[in-house]
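Going line by line, the protein sequences match chains F and C. Number 23 in the numbering used here belongs to position 23 of the first sequence; there are no gaps in the numbering. Number 616 in the numbering used here belongs to position 327 of the second sequence; there are no gaps in the numbering.
For the record, the hints were derived by calculation from the structure and aren't laboratory data. What you are looking at is a predicted structure, and each value in this text was computed from that prediction instead of being measured. The reader is advised that the hints may include incorrect statements.
To be verified - If you anchor each label on the Cβ, the simulated ranges turn out as follows: (1) F:P95 / C:A533: 21 to 31 Å; (2) F:T49 / C:A610: 36 to 46 Å; (3) C:G508 / F:T49: 33 to 43 Å; (4) F:E272 / C:P600: 40 to 50 Å; (5) F:R160 / C:P600: 54 to 64 Å; (6) C:P591 / F:F87: 43 to 53 Å; (7) F:P95 / C:D420: 28 to 38 Å.
Each residue gets a CB set at the ideal place from its N, CA and C atoms; glycine is no exception.
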Amino acid sequence: MLHFVTGKGGVGKSTVAAALALAAAGRGARVLAIELGDPAGLCRALRATPPAPGAIVHAAGGVHVAFFDGAAALAEYLTRKLHLGRFVRPILEHPLYGAFVAAAPGLRELVAIGKVRDEYVLQRRWEVVVVDAGASGHALEHLRMPAAAARTFASGRVHREAAANAALLRDPAACAIHVVATPEEMPLGEAIQTVEALREHELALGRVIANRCVPPAPADVDAALAGVADPTVAAVLGRARAWERLQERGLADLQARLGLPVVRLPRLPIAELNAHARALAWSLVEVAA
Amino acid sequence: MRLAEIVAHHRIVICVGTGGVGKTTISAAIALGAARAGRRAMVLTIDPARALGRALGIDLTHARSTPVGRGVLAAAMLDQKGAWDAFVARHAPTEAAARVLLANPFYQRLSTSFAGSTEYMAIEELCRLLDAGEHDVVVLDTPPSAHAIEFLRAPERIDRLLDEPHELAGAMARFVVRQLERAAGSEALRELATFYRAMSALVAGVRARTRYARAILRGGDAAFVLVTGPRASILDDTRALAAALRVHAAPLAAVVVNRTHPRLPAQAGVLADPWLQARWDEAVAEAAAEAAILEPFLASLPAGLARVVVPEGDARVDLGAVATHLGI
Numbered sequence: 001m002l003h004f005v006t007g008k009g010g011v012g013k014s015t016v017a018a019a020l021a022l023a024a025a026g027r028g029a030r031v032l033a034i035e036l037g038d039p040a041g042l043c044r045a046l047r048a049t050p051p052a053p054g055a056i057v058h059a060a061g062g063v064h065v066a067f068f069d070g071a072a073a074l075a076e077y078l079t080r081k082l083h084l085g086r087f088v089r090p091i092l093e094h095p096l097y098g099a100f101v102a103a104a105p106g107l108r109e110l111v112a113i114g115k116v117r118d119e120y121v122l123q124r125r126w127e128v129v130v131v132d133a134g135a136s137g138h139a140l141e142h143l144r145m146p147a148a149a150a151r152t153f154a155s156g157r158v159h160r161e162a163a164a165n166a167a168l169l170r171d172p173a174a175c176a177i178h179v180v181a182t183p184e185e186m187p188l189g190e191a192i193q194t195v196e197a198l199r200e201h202e203l204a205l206g207r208v209i210a211n212r213c214v215p216p217a218p219a220d221v222d223a224a225l226a227g228v229a230d231p232t233v234a235a236v237l238g239r240a241r242a243w244e245r246l247q248e249r250g251l252a253d254l255q256a257r258l259g260l261p262v263v264r265l266p267r268l269p270i271a272e273l274n275a276h277a278r279a280l281a282w283s284l285v286e287v288a289a
Numbered sequence: 290m291r292l293a294e295i296v297a298h299h300r301i302v303i304c305v306g307t308g309g310v311g312k313t314t315i316s317a318a319i320a321l322g323a324a325r326a327g328r329r330a331m332v333l334t335i336d337p338a339r340a341l342g343r344a345l346g347i348d349l350t351h352a353r354s355t356p357v358g359r360g361v362l363a364a365a366m367l368d369q370k371g372a373w374d375a376f377v378a379r380h381a382p383t384e385a386a387a388r389v390l391l392a393n394p395f396y397q398r399l400s401t402s403f404a405g406s407t408e409y410m411a412i413e414e415l416c417r418l419l420d421a422g423e424h425d426v427v428v429l430d431t432p433p434s435a436h437a438i439e440f441l442r443a444p445e446r447i448d449r450l451l452d453e454p455h456e457l458a459g460a461m462a463r464f465v466v467r468q469l470e471r472a473a474g475s476e477a478l479r480e481l482a483t484f485y486r487a488m489s490a491l492v493a494g495v496r497a498r499t500r501y502a503r504a505i506l507r508g509g510d511a512a513f514v515l516v517t518g519p520r521a522s523i524l525d526d527t528r529a530l531a532a533a534l535r536v537h538a539a540p541l542a543a544v545v546v547n548r549t550h551p552r553l554p555a556q557a558g559v560l561a562d563p564w565l566q567a568r569w570d571e572a573v574a575e576a577a578a579e580a581a582i583l584e585p586f587l588a589s590l591p592a593g594l595a596r597v598v599v600p601e602g603d604a605r606v607d608l609g610a611v612a613t614h615l616g617i
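Go ahead and model the full structure; you've got the sequences and the hints to work with.
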């Protein structure tokens, strides 16, 4: 299975992606975690040293990690796909090539997805590939690019490559694009927009994952809250209760609008990201299956 | 200088920071504060954050102005594609030249998804708003880039893109063209040639604008505000971003740590309700962990930078309260 993880900035995407990878590895699968953007977050969450672009390193918990740097990946990919042999350097250094690559802006996104597909489909080495696809806008650019490129490039290798990538991203049996949010107004709003965009482009939607949820409050909590005498404690708990109300309302609204169940992940005490990823892996075993 | 003075003495305030720290909220609160101080302020946002529009009482999909105290607050959301198309229309020598470009697939990619394209249009809109002279101060909420510093590189990126390839003659060029045709198809190469031909009529005008934009970003009119949050990973990114801003000669003036929590007494007795007890324990642990990382961070900032700590508000954003916490 190929998993993509996205969501608004700051909701814990990298941690959730790492947790998903650890959950799959915990079931005995051979797992590769890939970062499409800055590798720092995912590597922190998997406690791996950031690998060189294109290299694959072993991380804790039986997961391997890779990240793809745009320009280098593109050169490597074109070299391999075009079988250029000894003409590689003169072509890559030619100003025409530079102009083409700069002016065909979708090419890098296309190659990033192409490399993910190569690792997932063509290399039989991995059973599960988890991609930390970055913030929603960034991720959607990547995920929409194969279909867009297949239209722009009407023929040639790029067209065939793009069409194959687009088909993979639309196949729910092979691919799942998960949207992460925290149970707050703006991240939930962005999650709804992202899911709608994924549906509009017929991309393989996975699960909506709500990170950092507090457990629902018991029915009699307001009576208990009214009995708290210390004003500092009452103020802190009053705010916690207000947040919990908005969490429940926001999650109910999201479920109603999207017609989708939400996977809840618990709010964890402040700790380093790897501890979070390992703790959250328990809650994602079913998603990783 | 305090943040209020920084905002009072600049025509441009640019909020930068990693995703999820509340950059849009801080940008809007700064603009609201400037309006309350009697200025004609505008906040230009990139995120289609409807929640912000609601908090401002303004429909962000259309530029609207509302009187606030003695000043005026306007808000607009950047329409990237529309802004690019208007930019082309302004700089194309003829309507026909503009039409050719607008229909070109390479241009359409440039205007929607080229790396740096949103960033550059945000800067261009900023310059246009200032030139129009309808606002005393424009607050820009920068796009959530993978690397926030992309924002400063955007004018150069656009410039580089427009460097037309000259070495088109010779056997090597023909060979490269053949290889690119094999890869991308001959239609794509024809479109690319059309793109460069159509763009060449605009290049002089566009270059003058990118030069102007670069000067504006580094000039005395602009102040950068770095927005961050009290988490170790965010503070790490913020340190790197502050260093990068220095390298790019951006005038960083203030650091805002958003959504902090008050220090709490550790011992509050035992609460009868376990749910409430768990929330209290969380709050105490978070406050302690925050204090441990925040104080060294604030102490490590260079002297002369304004530093503001904004406490976490209610779940629903109250911009007036945020502006008050910012001291503006």
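The hints, checked one at a time:
1. F:P95 / C:A533: 21 to 31 Å: The hint (21 to 31 Å, Cβ to Cβ) holds, given that P95 (chain F) and A533 (chain C) are roughly 29 Å apart.
2. F:T49 / C:A610: 36 to 46 Å: Holds, at about 43 Å.
3. C:G508 / F:T49: 33 to 43 Å: Since G508 (chain C) and T49 (chain F) have Cβ atoms about 41 Å apart, the given range 33 to 43 Å holds.
4. F:E272 / C:P600: 40 to 50 Å: For E272 (chain F) and P600 (chain C) the Cβ distance comes to about 25 Å; the hint is violated.
5. F:R160 / C:P600: 54 to 64 Å: With Cβ atoms ~56 Å apart, the hint holds.
6. C:P591 / F:F87: 43 to 53 Å: holds (51 Å)
7. F:P95 / C:D420: 28 to 38 Å: Distance hint for P95 (chain F), D420 (chain C) holds at roughly 35 Å.
Of the numbered hints listed earlier, the single one contradicted by the structure is hint 4.
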